[in-house]
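S.K.: Single-letter residue listing:
Number of protein chains: 8
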Amino acid sequence: MDEAELRKLLEDIKKQKIDVDEGVEALKDLPFKDLGYAMIDNHREIRVGYPEVIYCAGKTVEQVRGIVEFMLTKENNILGTRANEEMYKAVKELCPYAKYNEEGRTITIRKKEQEETDSYIAIVTAGTSDIPVAEEAFETARIFDNKVKKVFDAGVAGIHRLFNKMDIIRQAKVVIVIAGMEGALASVVGGLVDKPVIAVPTSVGYGANFGGVTALLSMLNSCASGVSVVNIDNGFGAGYLASIINKL
Amino acid sequence: MDEAELRKLLEDIKKQKIDVDEGVEALKDLPFKDLGYAMIDNHREIRVGYPEVIYCAGKTVEQVRGIVEFMLTKENNILGTRANEEMYKAVKELCPYAKYNEEGRTITIRKKEQEETDSYIAIVTAGTSDIPVAEEAFETARIFDNKVKKVFDAGVAGIHRLFNKMDIIRQAKVVIVIAGMEGALASVVGGLVDKPVIAVPTSVGYGANFGGVTALLSMLNSCASGVSVVNIDNGFGAGYLASIINKL
Amino acid sequence: MDEAELRKLLEDIKKQKIDVDEGVEALKDLPFKDLGYAMIDNHREIRVGYPEVIYCAGKTVEQVRGIVEFMLTKENNILGTRANEEMYKAVKELCPYAKYNEEGRTITIRKKEQEETDSYIAIVTAGTSDIPVAEEAFETARIFDNKVKKVFDAGVAGIHRLFNKMDIIRQAKVVIVIAGMEGALASVVGGLVDKPVIAVPTSVGYGANFGGVTALLSMLNSCASGVSVVNIDNGFGAGYLASIINKL
Amino acid sequence: MDEAELRKLLEDIKKQKIDVDEGVEALKDLPFKDLGYAMIDNHREIRVGYPEVIYCAGKTVEQVRGIVEFMLTKENNILGTRANEEMYKAVKELCPYAKYNEEGRTITIRKKEQEETDSYIAIVTAGTSDIPVAEEAFETARIFDNKVKKVFDAGVAGIHRLFNKMDIIRQAKVVIVIAGMEGALASVVGGLVDKPVIAVPTSVGYGANFGGVTALLSMLNSCASGVSVVNIDNGFGAGYLASIINKL
Amino acid sequence: MDEAELRKLLEDIKKQKIDVDEGVEALKDLPFKDLGYAMIDNHREIRVGYPEVIYCAGKTVEQVRGIVEFMLTKENNILGTRANEEMYKAVKELCPYAKYNEEGRTITIRKKEQEETDSYIAIVTAGTSDIPVAEEAFETARIFDNKVKKVFDAGVAGIHRLFNKMDIIRQAKVVIVIAGMEGALASVVGGLVDKPVIAVPTSVGYGANFGGVTALLSMLNSCASGVSVVNIDNGFGAGYLASIINKL
Amino acid sequence: MDEAELRKLLEDIKKQKIDVDEGVEALKDLPFKDLGYAMIDNHREIRVGYPEVIYCAGKTVEQVRGIVEFMLTKENNILGTRANEEMYKAVKELCPYAKYNEEGRTITIRKKEQEETDSYIAIVTAGTSDIPVAEEAFETARIFDNKVKKVFDAGVAGIHRLFNKMDIIRQAKVVIVIAGMEGALASVVGGLVDKPVIAVPTSVGYGANFGGVTALLSMLNSCASGVSVVNIDNGFGAGYLASIINKL
Amino acid sequence: MDEAELRKLLEDIKKQKIDVDEGVEALKDLPFKDLGYAMIDNHREIRVGYPEVIYCAGKTVEQVRGIVEFMLTKENNILGTRANEEMYKAVKELCPYAKYNEEGRTITIRKKEQEETDSYIAIVTAGTSDIPVAEEAFETARIFDNKVKKVFDAGVAGIHRLFNKMDIIRQAKVVIVIAGMEGALASVVGGLVDKPVIAVPTSVGYGANFGGVTALLSMLNSCASGVSVVNIDNGFGAGYLASIINKL
Amino acid sequence: MDEAELRKLLEDIKKQKIDVDEGVEALKDLPFKDLGYAMIDNHREIRVGYPEVIYCAGKTVEQVRGIVEFMLTKENNILGTRANEEMYKAVKELCPYAKYNEEGRTITIRKKEQEETDSYIAIVTAGTSDIPVAEEAFETARIFDNKVKKVFDAGVAGIHRLFNKMDIIRQAKVVIVIAGMEGALASVVGGLVDKPVIAVPTSVGYGANFGGVTALLSMLNSCASGVSVVNIDNGFGAGYLASIINKL
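Residue numbers (this note's numbering), protein chains in the order written: chain C, 1 to 248; chain Y, 249 to 496; chain R, 497 to 744; chain U, 745 to 992; chain W, 993 to 1240; chain A, 1241 to 1488; chain B, 1489 to 1736; chain X, 1737 to 1984.
Chain C on its own, in the form it takes in the complex (with noise of 0.2 Å):
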């Protein structure tokens, strides 16, 4: 409810169409469904303007489904990440047109059509094993509706395979760089364009990678400036984020 709502709630009651019970009523009730087990943030939209998304791990799969259900009575397109295939079957009784990312480990169901952007997103991986993190990445990008260039086993210890794609890298508005091991490409990408960059360390790699801290001290230490970091593994918040820089 934003301040012209407010006001015009308050003028309403002065002019006593509506009595102050349902003023107070008003005032308390906020737009959210409560299913006991989650509150689904249906105002989520209006406040920062996307619809919620669903963390699919750590959730039973009844409570997966039970959710969908209630967020296809929406108009609203439906993101799940970390979903399992089991999820995703009990999703499919429910919606016959729900996709899954068997790499990415996402669930999409695409209610409306919007325009794509003009402007893209580039995520770039180190190397091959970093791409289920990019797929996450790419559907989230993508079922907010943007455009999406993917170049993947670009890491440094080849370099001259990213020089080679570096046109389409510095073409982006943003760019999601994911990376495990040491995490260098998120630093020497960093050093090349002119645009914000968003870095993923991944939990690719063994013995001193600790399951992706070397790669996140790595990138938060960047010798390069334009670089921000999302957490290890996390494919949704870089795609979520890029898009919403993609539409500033």
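Hints are not guaranteed to be accurate.
Covered stretches of chain U (in silico footprint by chain C; criterion: 3 or more residues with CB under 8 Å from a CB of chain C, positions within the stretch not fixed) [stated by the list, open to error]:
#	stretch
1	936-944
2	953-965
3	983-990
I should point out that these hints are in silico values taken from the structure, not numbers from a laboratory. Every residue, glycine too, gets a C-beta built ideally from N, C-alpha and C.
Using the hints provided, position chains Y, R, U, W, A, B and X relative to the given structure of chain C.
M.R.: Okay, now just chains Y, R, U, W, A, B and X, sitting in the frame of chain C:
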């Protein structure tokens, strides 16, 4: 054995009602039952106000069964935490009215009904995935006869959901806040209530969440006062402490 | 502004005692004072039951002075924590009856006398080196008018010292246990009392103590129930929470 | 050297306007100035859109002076971060209109006036102690000609202070949130705006704050989307990235 | 080869009983058996007083079998630690009187009976879940012919259980204390006995226990003197060291 | 493309043997093969002296198969590391003379025989459990045609075993030391040889070994000089670097 | 109060030599001296065999002086550790024959001469920089009347230095090994002696030494048996434990 | 004493040129000088090819002076690392031609001139702040008579600076890469050269750099092969190892 009993014992020795050997024995003898693999602390209710609780993790089914078997000879309610279904089945054979909370992984046996408290404990979770920890806290608080109210999925990403439930939270005598990820809910609640807040970090999250460490650190560093913290996923500890405070 | 006041406001609008612009203003206006570098939370006492406390570390002497100067215009007691002597001198110029606890590094200004609580808080330390943290807790509890009893240097290396003071500890309504090194005292006390135990790890120790982390972890993993933990060296947090509990 | 220039060069060789040795030289020659202890990146503005910035920490006063001396021969604005007063004095001798922000520890030299952006960057801090980092971000954003609005001391312990300033924050094109302790402010703001949020953890706090690590982890695990993170206390990095985004 | 043997060898060379080549050979040749994948240290009993022990983790069943096969050609007792049942079966085929301690996961083969020590080792555990580590220590101490007494489940949450067994503990020549969670038992025992205490942290616990790190740090920081620590879950190391001390 | 080739290209443009478009193309074109999910670095042998190696972990069987299929079209030897048996089977279908080292988990395909080096690499392990890492190093060194000598199970607990093999170690041109637990072997060997020592920490051990971190830190802090370290369990990296040094 | 005394007390009550009030008093009264800021444990020598030791770090000069003043009223030797020169001067005023070991930072006051042990403790350091910790261990062992032999700077980088001193080390009853950096000396010595080895990690080193953590972890993971570990830089703890073992 | 000398000794005993006692003595006597606080390893040059180096940190000025005084009696060049100016002054009194590198904090005394190597070591730093570590490496390499070339401030944020110097780097026999922050330079260089790369992480950076840990981890996880790592800020170790490799 409190000071009055000590005085009584010494009087009896003085009056030669009991002889010195008995006195030595009495002063050495302490109220616990030694099962070999476990020494059950019968004295505990007198000392700290609550019967002993069985922490089932790391015990064999046989050990859990043996401990319950002994405890059933006493007139206390019984609570087993971190119990798996196999343990529950073994216990149910001993006691048909034993109950199992699948989400909370608790076994409860209610041998005596006591009056429920007037004041209540509010259990608030940030997300749906935090519910198992909340259920452990709930069963713990309930076995000790506390009134409890639940507010689930009220995390700060959609803070209006929290504000909508604020009345329930504010009127509690003590509040348990359960959150994973960055655990910000504890600070926000702590800044809004004038009651003790027991924060429970959960291992919900991924990447740099480190199995709940991030939420733990976040809660320990809460900028709001009146917040204290128990171990990661320690629903039992929170429920137990809340019960002590609720009964003050 | 609680629900009753909101209702009153709306009634007044309805009755046209106040006009809509005033209503909008009233609903937007929140009770804090903006000093530019600090927004002082005047509303806090109503909301969480205690006036705001000044955390002096990281503030300049001028900032501390400015905040105190404003707070002196209100009728609340004032507490500054982590204050150095220079800050104290600046405050004393504003208010001659300000007091400084050198060990606890607190500034206190008592503007109103309230009745002391009947029940008391016990503050127990493991060693002599933990006393500064204990003094911070003490001053915090005192400014909020709690009765407090101190038991210092009662660590488990000579556990009979603890047992000797057990009566004082057992009769408290809430116990603060302050310990560095391995922090075992919290578990031992927790196993002996039926009251809430607030454990404060201190940075006392060396080597693998890691500035209090060992004591912190130890206390979080206490095998005794009824123990919750605040941040390392956070005497203020413990005193504040103990005060809330003591007044329940 | 972009593709057009490369083509021009090759055409010139073909037309024998320039000879092969010159061509080799031109293709090998890159636009930086080698001072021995530093290679100043003159090419940077062309490549990433901003002139090079001097990170003064770990450099001697003589080195800072030498770098500024060279940079003054170019027509760019100059920014030095993490500068101490002695460095400032050395720079001021070279350039009387150099300015020093004592809190933010920045040196700025403005050699050309450019038009200020229409859209603005909001810089929000949780507490007073976070202001030095905010000032570094502010000076960085300003030297790149961004409009900036400040909201200081709006942490979640008194969340109404934040809500009071929500309009300023919501109307920004990009928001910088600066917080120490548990860093919850980033999640709360992230849940309320539809703009990119750049979170800066600060080393403000004590104990289990670990010099900002807690806030860092908290922000990386933010339950709100649209939040990305830069290094601890990295006001410069946040200001720089915000500037890139603000100018998209 | 000790100094006497060296002298003998040189005398023999001098007397030309053996020639120089033999001398070189003898001085180069050291008493171990090379199996290719393992060099068995036969010399060990002479050097450090105990035969070599087989650490089975990370070895294949074939390797364990091969090592035992060789060792059976010598007249030493054999101890295998961290052995699984499959390894035990392979060993049992070689030697029918091999024994397996399922909780302690040890294989023992007793080839010679030696006199049991008069003095004894006390093995104390905090909880039931610590028993597997205790059993490994027990089997180790036993294979080296030590008298051992066990006190299980005597943790500080019910400290009277410990005091009840204090006589057994005090009369030991050396005490092994095994505890997980916060490991406070080591400090409490260390403060009550005048014998060496070998503390073994276990990985029992959850959350901020970090697989035994909390107990480890706690024990290293013990406020009681006379306590030293071995690796997490290292029952063998504790039993071995206790045996050395018990035989001094 | 080295400087000579660049000069040749420009000469050709000048002489109008090739036209400008071709020149631009040639300068942009870089020698790698883009498979979509992987960009194979064909240029690598020219640049760093070795063909690309396939790191199989995190790749699907299909991806490994596809990469090998392409690489078989070139005349290089092929090495796949961290390969599982399923991958090997897929590769063997493509190339019947592919070999699998089960302990080292490597796939090797030898397409050209080159002369073996005269000097050799010594691979020393502390224990039997370190052999898998040693085998990975061995296969790596062998595919690059190095002579290799193995010394396994020579840890410092029985240091005479090491001394017995010292001649083999001292005469190597470069020494790989592989050890888990406390990794002391690297320091001891480093203090006894005048050749480069490449230390490989392994994840062998338990408790406070932290998956190889202890050995890693130990080796980084070696009191002996001439020791450098690669990642935990990184047999490939050690074998590769040893090969470079062995061929200097 | 041991069992014999307890029996005597009860007999006296029975015989009415002392009355019940006295009995209660006697059983409540424990042998420590409460100085307010410290409770001095007089009972300690009876209980654990050694008088209390003053850990001076974190105490004020006044507190140290007060504790020594009281202790001088008893007939025990006095040891203060981590003492600075100022503390020493304050103590020397009280007791002219107090001694200060500048490297070890200990204050010692010898009030009674006892017979020196026949067997001895060997204190071995890896380097010169470890000597301060060795001196603390030395003074501790000496105040408890142990014979001690020192072997300094015998680290494994030049392992022949260690072997040269092996006789001294082998003939000790217990060996203290003190090392920083990678702490490998503990493993090497542990593999060569048949006596208990007490390993003391020191904070000597830099970089990834982490103030002694590397040496600590290394020693905990020693591949040699018979090694246990005390806290980083804890020369006192090692000397104390060595004394207990040396006197067994 | 190598095998030839051993054979000679035994021959002499056989021929009765020397008697058995002398033989025992010779075999026990090892070439080091015991100064009490330090055992100087004279044998080192024979064993590992280089004279001993003085690590001055943690030593007193007197100790450094005493060690140098002894070493001056030998005909070796002398290198002291981590030396402060006071140490240098003390050394200069002993030897007027001692030199001090203020940035690298090394003392060098050149007593014999040897031929410089033909091949050279390249020392590359990412930034200006890494120069002190580079200077330590430089002095170490120089005292061992290596030719060295420096490339300073060539970090990946402006990667063209690196490419410009690539010829110098590629033609070295061994490359030392020194970088703080995220240490990406090691990976980029490693992917471009066919020579061994010794990576030195530095403690340059702030926040989540953790005193060089980020660069260390990054380098250990380098996606480029041929890279090994020494301890944080360990310029000496890198220079020493580079010298060994350069002379192979």
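S.K.: Each hint: holds or not?
M.R.: So, going through the hints one by one against the coordinates:
Check result for the stretch 936-944 of chain U against chain C: holds, 6 residues qualifying (beta carbon to beta carbon below 8 Å, three or more required). Three residues within the 8 Å Cβ limit are the bar, and the stretch 953-965 of chain U against chain C gives 3, so the coverage statement holds. Against chain C, the stretch 983-990 of chain U contributes 4 residues with a C-beta closer than 8 Å to a partner C-beta. That satisfies the three-residue criterion, and the hint holds.
Violated hints are absent here; each numbered hint is respected by the structure.
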